[in-house]
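Sequence order for the protein chains is A and B. Under numbering that gives the first Met the number 0, residue 171 is the last one in the first sequence; the count climbs by one each step, no gaps. Under numbering that gives the first Met the number 0, residue 30 is the last one in the second sequence; the count climbs by one each step, no gaps.
No lab work stands behind these hints, which were simulated from the structure alone. Heads up, the beta-carbon is just placed ideally off N, CA and C, and yes, glycines get one too. Mixed in with the good hints there might be a few duds.
Computed Cβ-Cβ distance ranges for the label pairs, DEER-style [claimed, not checked]:
(1) V30(B) x H49(A): 44 to 52 Å
(2) N2(B) x W10(A): 32 to 40 Å
(3) I7(B) x I46(A): 12 to 20 Å
(4) G27(B) x E128(A): 15 to 23 Å
(5) V20(B) x F110(A): 34 to 42 Å
(6) P3(B) x F110(A): 20 to 28 Å
(7) K48(A) x V30(B): 35 to 43 Å
Stretches of chain B that chain A covers, calculated by requiring three or more beta carbons in the stretch to come under 8 Å of a beta carbon on chain A [claimed, not checked]:
(8) 4–14
(9) 18–28
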Amino acid sequence: MDPLFLAIERWLHVLAGITWIGLLYYFNFVQVPGLAGANADGTAAGITKHIAPRALLWFRWAAVATWLTGAAYLLLGHGTGEMNGVARAFMLQGSAAPIGVGAWLGTIMLFNVWALIWPNQKKVLGLVEASDEEKVKGARVALLASRTNTMLSIPMLFFMITGSPAHGGGLF
Amino acid sequence: MKNPLDSITGTITSGVVLTLVLYVFVKGFLV
Numbered sequence: 000m001d002p003l004f005l006a007i008e009r010w011l012h013v014l015a016g017i018t019w020i021g022l023l024y025y026f027n028f029v030q031v032p033g034l035a036g037a038n039a040d041g042t043a044a045g046i047t048k049h050i051a052p053r054a055l056l057w058f059r060w061a062a063v064a065t066w067l068t069g070a071a072y073l074l075l076g077h078g079t080g081e082m083n084g085v086a087r088a089f090m091l092q093g094s095a096a097p098i099g100v101g102a103w104l105g106t107i108m109l110f111n112v113w114a115l116i117w118p119n120q121k122k123v124l125g126l127v128e129a130s131d132e133e134k135v136k137g138a139r140v141a142l143l144a145s146r147t148n149t150m151l152s153i154p155m156l157f158f159m160i161t162g163s164p165a166h167g168g169g170l171f
Numbered sequence: 000m001k002n003p004l005d006s007i008t009g010t011i012t013s014g015v016v017l018t019l020v021l022y023v024f025v026k027g028f029l030v
């Protein structure tokens, strides 16, 4: 594989990942604490109507782009003659095991985005019909899924940046 | 017992601990 092609692939993966995880950290470190104050003084609508839906749009599609570019990078750059790179990583085989751990964590995070965070945020933000009880429950599930992803992002990034022989510095 | 994910500090601490646990596991059993 041409090194330039692999470099471009990794570059696109990092760009998408920054967009995804940057917005994840924005939600957890800025928006959620900020909304508590905004609810108290009646200014939350500006965030929930104009900011949150736009941030969630970039967030969920950046998650997909990150996963796809990551899978493509594994496929092109981590295979052997006997097994392709995606299979090697997800089966935690040999030198692909460390980055495979990162790939598993990223995949769990992608699942959380689409199966837990987005469906429940649609209820909370009023994008779909939901009772007050469903909104309260949905807010709790979305918060815990988002916090879980923030927690998982820490080991995920560790294994992504140290798990590849190309830039791991011999850690594994 | 309080859920550590209810606070930012608990979330980050949990992530760091999980990183250490996975590092030991990968280093000791997979590579």
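Here is what the structure says about each hint:
Between V30(B) and H49(A), the C-beta spacing of about 48 Å keeps the proposed range 44 to 52 Å intact. In this structure the hint that N2(B) and W10(A) lie 32 to 40 Å apart at CB holds, the actual value being about 38 Å. A hinted range of 12 to 20 Å holds for the C-beta pair I7(B) and I46(A), which are about 18 Å apart. In this structure the hint that G27(B) and E128(A) lie 15 to 23 Å apart at CB is violated, the actual value being about 51 Å.
Under the hint 34 to 42 Å, the C-beta atoms of V20(B) and F110(A), about 21 Å apart, miss the expected range. The hinted range of 20 to 28 Å is satisfied by P3(B) and F110(A), whose Cβ atoms lie roughly 21 Å apart. A beta carbon spacing of about 49 Å between K48(A) and V30(B) contradicts the range 35 to 43 Å that was offered as a hint. For the region 4–14 of chain B, the stated coverage by chain A is satisfied: 7 residues place a CB nearer than 8 Å to a CB of that chain, which reaches the threshold of 3.
Residue count for the region 18–28 of chain B with a Cβ under 8 Å from a Cβ of chain A: 5. That meets the three needed, and the coverage hint holds.
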